[in-house]
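Undergrad: Residue strings, one per chain:
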Amino acid sequence: GQNIDQPTEMTATEGAIVQINCTYQTSGFNGLFWYQQHAGEAPTFLSYNVLDGLEEKGRFSSFLSRSKGYSYLLLKELQMKDSASYLCAALRSNDYKLSFGAGTTVTVRA
Amino acid sequence: DAGITQSPRHKVTETGTPVTLRCHQTENHRYMYWYRQDPGHGLRLIHYSYGVKDTDKGEVSDGYSVSRSKTEDFLLTLESATSSQTSVYFCAIRNDRVSGNTIYFGEGSWLTVV
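Protein sequence lines, in the order shown, are assigned to chains A and B.
Just so you know, we're using the numbering used here here: the first sequence kicks off at 1 and counts up by one.
Just so you know, we're using the numbering used here here: the second sequence kicks off at 111 and counts up by one.
A hint or two may mislead.
Simulated restraints on C-beta separations [unchecked claim]:
| hint | chain 1 | residue 1 | chain 2 | residue 2 | range |
| --- | --- | --- | --- | --- | --- |
| 1 | B | 128 | A | 65 | 42 to 48 Å |
| 2 | A | 66 | B | 196 | 35 to 41 Å |
| 3 | B | 148 | A | 74 | 45 to 51 Å |
| 4 | B | 148 | A | 94 | 25 to 31 Å |
| 5 | B | 217 | A | 80 | 20 to 26 Å |
| 6 | A | 68 | B | 125 | 42 to 48 Å |
| 7 | B | 175 | A | 70 | 33 to 39 Å |
| 8 | A | 16 | B | 148 | 27 to 33 Å |
| 9 | B | 140 | A | 109 | 39 to 45 Å |
| 10 | B | 185 | A | 23 | 22 to 28 Å |
With the Cβ distance kept under 7 Å, some of the chain B side facing chain A (calculated, not the full set) [as the list claims (entries may be wrong)]:
| hint | residue |
| --- | --- |
| 11 | 152 |
| 12 | 211 |
| 13 | 213 |
Keep in mind that the hints were calculated from the coordinates and are not lab data.
For glycine and all other residues, C-beta sits at the position ideal for the given N, C-alpha and C.
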């Protein structure tokens, strides 16, 4: 099975930086996804990490440590539109099942 | 993304009636998934498919069945809907033609069982 943990809620100020942590335990790990989901909408793909290290895409960066079963999503220069739920998900290699954490609700305040 | 269409987008049905949700893709991808999303639980995998007529159960498959008779369609059926199946249902597709893995979601189907 898979066990994925992330904080329930985070609050930050516009223009600041927020780091959302995710820990996972899975058999046959084949990568870690991050998605953004606004209320009432579908999840949208943000990043996929399968190798250790940091990947940067504009204001969003994602980090993975396979040995520690740990990932984080870093949101820089926060904007009001970044208020959303952020979902961490682990992909299993033998059957490509994708399992999700419960999501982290980020609220950006002016 | 990946030409995913879910139907219906919204449905209200009565307890005990059968309901089928359809996920349609236009890009011939092999892997398709059905999830449900409920407050406090996040996205939970119901069933997934790795090819035509090849399906497997997820973590919350009780009360659901699926079929995939052709590559482009993955159907989720509630044989006898119950109020506990009121939820938002998302279909997802794994794009296996890019390096790495990319999994995209459909727009969702909101189901209310009364």
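Undergrad: Any of the earlier hints contradicted here, and which numbers?
TA: When the structure is compared with the hints, numbers 3, 10 turn out to be violated.
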